[in-house]
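Peer 1: Here the protein sequences line up with chains A, B and C, keeping their order.
In case it helps, the working numbering puts the first sequence at residues 1 to 620.
In case it helps, the working numbering puts the second sequence at residues 1001 to 1313.
In case it helps, the working numbering puts the third sequence at residues 2001 to 2524.
Honestly, the hints are just simulated from the structure, not real lab data.
All C-beta atoms, glycine included, are put in the ideal place defined by N, C-alpha and C.
Check before you lean on any hint, since a few could be wrong.
[Unchecked claim] From chain B, some residues computed to sit far from chain C (all C-beta separations above 10 Å):
id : residue
1  : N1002
2  : L1008
3  : S1010
4  : L1015
5  : F1024
6  : L1050
7  : F1065
8  : E1092
9  : V1110
10 : K1129
11 : I1130
12 : E1224
13 : P1242
14 : L1246
15 : A1292
16 : D1309
[What the hints assert, rightly or not] Restricting the straight-line Cα-Cα distance to at most 30 Å, the calculated cross-link-like pairs of lysine-lysine (DSBU-like) are:
id : chain 1 : residue 1 : chain 2 : residue 2
17 : C       : K2104     : C       : K2204
18 : C       : K2263     : C       : K2519
19 : C       : K2146     : B       : K1048
20 : B       : K1048     : A       : K407
21 : C       : K2294     : A       : K43
22 : C       : K2224     : C       : K2263
23 : A       : K290      : B       : K1122
24 : A       : K43       : C       : K2346
25 : A       : K390      : B       : K1230
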Amino acid sequence: MINFLKLISRNKLALFGGILLVIIFVVSFLSPLLPLKDPDVIKTSDRFLLPFSEGYLLGTDHLGRDLLSRLLWGTRLSLLVGISAALISATIGSILGTIAGFYGNKTDNVIMRIIDVLMAFPYILLALAIVAVLGPGLFNAMIAVALVNIPFFARNIRGVTVTIANKEFIDAARLSGMSNFKIIIYEIFPNILPVIVVTISTTVGWMILETAGLSFLGLGSQPPQADLGSMLGEGRSALIVNPHTSYVPGAMIFLIVIAVNLFGDGIRDALDPRLSKGELVKPQPVTQIKSNGNVENKSNSFLSVKNLTTAFEFDNKLHLASKDVSFDIKKGECLGLIGESGSGKSVTALSITCLVASPPGVIVNGSVKFQGDDILKMNYEQIRELRGNKISYIFQDPLSTLHPLIKIGKQLEEAFIEHNHQKNKEATLKGKELLKLVQIPNIENVWNSYPHELSGGMRQRVSIAMALTNDPELIIADEPTTALDVTVQAQILSLLDTLRKERGLSVLFISHDFGVVSQICDRVIVMYGGQIVEEGKTENIMSKPRHPYTSQLMECVPHIGFGKRKLPTILGSPPLIIYKKEIGCSFASRCLFKKDNCLNEDIKIVRKGDSEVRCLYPHE
Amino acid sequence: MNYLLQRLLSAIPVLLGITIIVFFIISLIPGDPATAILGSYATPENVKLLNEQLGLDKGLVQRYFIWLGNLVQGDLGRSFALNRPVLDEILERFNATLILSGTAFILCSVVGVLIGTISAFKQYTITDKIITFTVLTGISLPSFFLGMMMILLFAVNLQWLPVSGMYAIYGGGDFLDLIHHLIMPAIALALVATGVVARITRNSVLEILRQDYIRTARAKGVREGNVLFKHVLRIAIVTILPILGLQAGFVLSGSVFIEIVFQWPGVGRMLVDAILKRDILLVQGGVMFVAACYVLFNIAVDLLQRYLDPRIK
Amino acid sequence: MFRHGEKIKKLRKLFVSLLSLIFITGFAVTSNAKVLVVGQIAEPKSLDPSTVTAVNDFRIVMNIYDGLVRYTDGKLEVEPALAKSWDISSDGTVYTFNLRSGIKFHDGSSFNAEAVKFNFDRMLNKDHPYHNTGPFPLSFFFSAIKSVDVVNANTVKFTLNEPYAPFLSNLAYPTGLIVSPAGVKKHGKDFGRNPSGTGAFKFKEWKSNERVVVDKNSGYWDGKAGTDAVVFRPITDANTRVAEMLSGGIDMMVEVPPASLSKFGGSKFSIVEQAGPHVWFLILNAKEGPFANKKVRQAANYAINKQAIVNDVLEGTAAIAAGPTPPAFAWAYNNSLQPYPYDPAKAKALIKEAGVEGAKLTFYVTEGGSGMLDPVAMGTAIQADLKAVGFDVEIKTFEWNSFLGEVNPGLEGKADMAEMAWMTNDPDTLPFLALRTESWPDKGGFNSGYYSNPKVDDLLNRARSSTDQAERAKLYQEMQEIVQEDAPWVFVANWKQNAVTSNKVSNFSLQPSFLLLLKDVKKN
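In isolation and in its complexed conformation, chain A is listed as follows (with noise of 0.2 Å):
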């Protein structure tokens, strides 16, 4: 509870809000007890005084009531009836649709048809109808506002819940022997609640809207009754000659709503996971650089990396990604970066053109040479300049990394259109060249297909297809392989290798498998907790692995012909890194070698030979 008003009371706005809600609350509420004119009583002779008249802050109305004293009684009315019908509606909509979500098939079935019937009503014309049936009244234009809003309820509900009813835990618990009774009420409830509290609190102004116009029309309060709505309608009819007497309960219920809406989206953004994790920020297209830029980097290779540290920061904290990665690669030489997953390794991958999100991502340190030019030091133009043309990437899942409504041929077309400023006609004849080139069939089908018509490995050449494009010299493969099975993966390795050597290209390969790294590259990093524990030639490395992580990873690789024999896991899982002085191995805790000083010191990276290792007690 304190977080959750801690929350709320970072977003300024939502404060705001809520300080404003409390005032008008306090002050409507205190009503009866304030020194204020009986709301009530008329006096003919001082109608329509203007705000500021003497004895009269606000002014009177048509009969010489009060406008302060009516506004603010009729404001506690108003709020009454709105909470009320929401927190009716609220109630049953949301029971109609957790039995629906939750039993599912003909009772689902059955209510949502009723509701469906429900929403094709204009609402307002059911409210009036049910205003109709039941009489004028402010209390059965509540009722009327709450049953028009059920059906509203019972869909967002409903919706919840039929996510939550599908989770492993409440099969267990049904496993378990629960009833389903309890099962609703200790399970789901508290999983649908903040849902219920998001939903009201956005709905409680407009439900103030809607009693407001069905008093405003006249079916509201009775006279000498005041709510905001029946204000507004009576000051409606003086609107011209003296239009005070609708300002001042226009810009009331103005005030309320969007106090209430301020203070709802604060509840709901305090809610909303996805907020939190920031999820709901924009990308930059260029992530964030926050390198004081002091990297030295005299490196003349073709690409070089050095002492990239990337991080996600979060709540103005930095959680370390990748910890000063460094290495070099040369023209035509493919580099394998390996590493379970969280190692680090895509966020080193795609820090090179500066292509992890951000926020959250920022990238802490380092320098990215690239033929002689500091990517991290380049403006947006420039590194676009490059992305798709010089560096081009080739993405894991292609059915998730390609547009899903653009047709293959048109995103095919697209970097070449981007990067050469040509027309579609010369951009075509090079996408379907290209599609040639990966060896697809029956191209023309293709070139109109759209991705989730394609296998996966259709999917993955088109994708490297679209990576060759503009001839780019280097390529990122990030995990190109893993979605496809196994004999497609065979077939795109060799395609890959094939371009590769045609072409002179550059490889980085990123793979969490030393079976695909060792078909294809020339020299291997490891990766462990977001730095580098070895490196080195792929032979050298294959057959002899000197980190005691590396030499555990390969035991995952499974070795065909070997029949089935268990395959050896790492125990433990991968560490968090947090931006904090580590001390001594990351590995350590799961290393089957561990020493007592490993956790003393933190452990340079030591070359010898071609190879790199970062461990005090390395395999010889």
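Starting from the structure of chain A, add chains B and C where the hints point.
Peer 2: Same frame as chain A, now just chains B and C:
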């Protein structure tokens, strides 16, 4: 085509449900049309006589089936209060509602999606803040209050725009005249829906921007403008389409207030009058008509979505 | 680039013309035509005068049709119209009318004695082939008619059951307007949307909730109309009506909300006022509850500050009512009658005497309706006044038609008081329909408060069958005194109807009959 047929068929139970609710709720409204017809001079005796003439002395269920039978044949009956066939009146008035709600709907869709996208794309800039604030203001203003204020300012004080109605009474009647009359009610009606659409668009654009295929586009070196228009917007529209379908309902509902404030000769105002006057057949026919349009509109939205999103098949 | 722009232009043109094809309903009046635009308070129900009951509808039909007789300009006296002259038999039961010849309905058919007979038979005779084009709620105005006979093409004879003094006045009322039999035969139930009469204007079009347009009838028998056309615009909301008037959207509006009258000072507008036979009152339930006691009814009359209502709530657009008969019926009005003064102390004393201090009362209020002025504000003011003398009044508001549906069947078991207003054409109508024992709701009348005084019953019956105006006047004056003393109602206000016209409009005046006559109005 098959899908269309299937959707239309599945709409039938919904429509049938609508007929039941329409008929019974409206029939529950106390008071009787005979009083409305006879006006101030309605005596209980005359009222009873007239109710018999109108067939209102029959049982409710029997009346429902008579009504339904006629409805299926396209006969919505005769309005008691207006003394003319219900369908004639609805068709005449629906045109006006369609123009108003249609304009407001297009306005809220186009403007909402546009400013939502811009606001997402310029997140945390001054543009974003201005849009967010405007949108918030927009969704917090009761449309009838806004309409009143607009009339006061633009029509009465500045005399830029006409106060009410759909066409000028003389010298008007052309397209420009319609636009002239349409500006205020359409804006007042669209405002809330625009705000809602813009907010939802902003959030879904932000979510879309996190998707892998957007990273792919950026990795290809696609310019940000093209990322926005070719990649983001295409997905955004598909995601927002169902929301727009819902908004159509809100706009249609909201038009009731706007038609009253601006004296727009539409169906919403007709129905409010008809409910108040207990003009049972007109209410039943009118609500039925509007609800059916809404259902059909949502089928159309579904079809459009299937067309725009080849993944749904 | 240039070509691109061209293309867009073309497309835009196409789009606009397509849209106009869809939306344009083909209405345009040449700008130099003299068209008078009248802001009406509601959409008309029908333009068939035999079927309508609302003043709002009367305002249109009076300009499309003529009756056999009509009210003299500015008075409530009857003068010839379609009938040149008439004779009344000495016993007062046979009326013979000599009709003008050569008059045509707008549809081209001829007006003659047959047409007159058709009109009244249609309303009164259940077996008439066009009786089903009704209902005819006001046909009881003519319930005294026994038969209508064609003497010759230009002479028609009405035979009454008994002498009936208000007969001629009723003929001048809109219900007595003569419709085209050919039109009724052609359109049946839809005649109300395709009206045809003999009036100064002929019907042109009716667009639902937008306008009713009538054109000048160039062949009118009584001189041509001063404008080429009149457009009646229904603007239900008084405030919008005011806004339209201020911004020039309409040339004339009736029933100006009192509070906005101040906006129409200046030379751009002129305000027209005319007192008429209107009375605004509260029906008190004399059958049960506190108001069964005459003292309490009188107390209510003392307790309510009518001066404040008339001057402040209604901004001086009405005068305090003294009794059941409005002073506009000058000949029948009892000038010695003084309104109940505002005297809360006396009211309290009476209430104490009756022993009903602090009683709870239910008060039916309407949101608006024919002649109801500003009913919610007035009701609220009345509620506050009654609260001041110790009554706890609960208001229930209803839309006009549901209000009538609640009030007309009687207040018994439901309410203690209800607002009501009547506009009538004869001093007989209101008391006859709403104050006699014989007109209790269960007997088909409008005496919803169950007032009963045999003396009043007798006076009214005698006044109705007398054809001597002086004698009738005496009877009505006596009735007024008794009714005021008995206080079956709280007599609140007599309305001075008002209208605002723009300075382009001339030669306009309001009629005491509350009817709107536009024939002689000119627009510059």
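Peer 1: Does K2519 (chain C) lie within 30 Å of K2263 (chain C) when you go C-alpha to C-alpha?
Peer 2: holds (28 Å)
Peer 1: Please confirm whether N1002 (chain B) is truly not at the interface, meaning its C-beta sits more than 10 Å away from all C-beta atoms of chain C.
Peer 2: holds (31 Å)
Peer 1: Far enough from chain C: is every CB of that chain over 10 Å from the CB of F1065 (chain B)?
Peer 2: holds (24 Å)
Peer 1: Report holds if the minimum CB distance from I1130 (chain B) to chain C is greater than 10 Å, and violated otherwise.
Peer 2: holds (30 Å)
Peer 1: Is it the case that F1024 (chain B) keeps its Cβ farther than 10 Å from each residue Cβ in chain C?
Peer 2: holds (19 Å)
Peer 1: Quick one, are K2294 (chain C) and K43 (chain A) close enough, alpha carbons at most 30 Å?
Peer 2: holds (29 Å)
Peer 1: Are the Cα atoms of K2104 (chain C) and K2204 (chain C) separated by 30 Å or less?
Peer 2: At roughly 17 Å apart (the allowed maximum being 30 Å), K2204 (chain C) and K2104 (chain C) satisfy the hint.
Peer 1: In terms of Cβ atoms, is chain C entirely out of 10 Å range of V1110 (chain B)?
Peer 2: holds (15 Å)
Peer 1: Can we confirm that no CB of chain C comes within 10 Å of the CB of E1224 (chain B)?
Peer 2: holds (24 Å)
Peer 1: Going by Cβ atoms, does D1309 (chain B) stay more than 10 Å from chain C at every point?
Peer 2: holds (27 Å)
Peer 1: Under the criterion that the straight-line Cα-Cα distance not exceed 30 Å, is the pair K290 (chain A), K1122 (chain B) satisfied?
Peer 2: holds (21 Å)
Peer 1: Check whether the Cα positions of K43 (chain A) and K2346 (chain C) lie no farther apart than 30 Å.
Peer 2: holds (21 Å)
In terms of the numbered hints stated before, the structure departs from hints 6, 8, 20 and 22, listed from lowest to highest.
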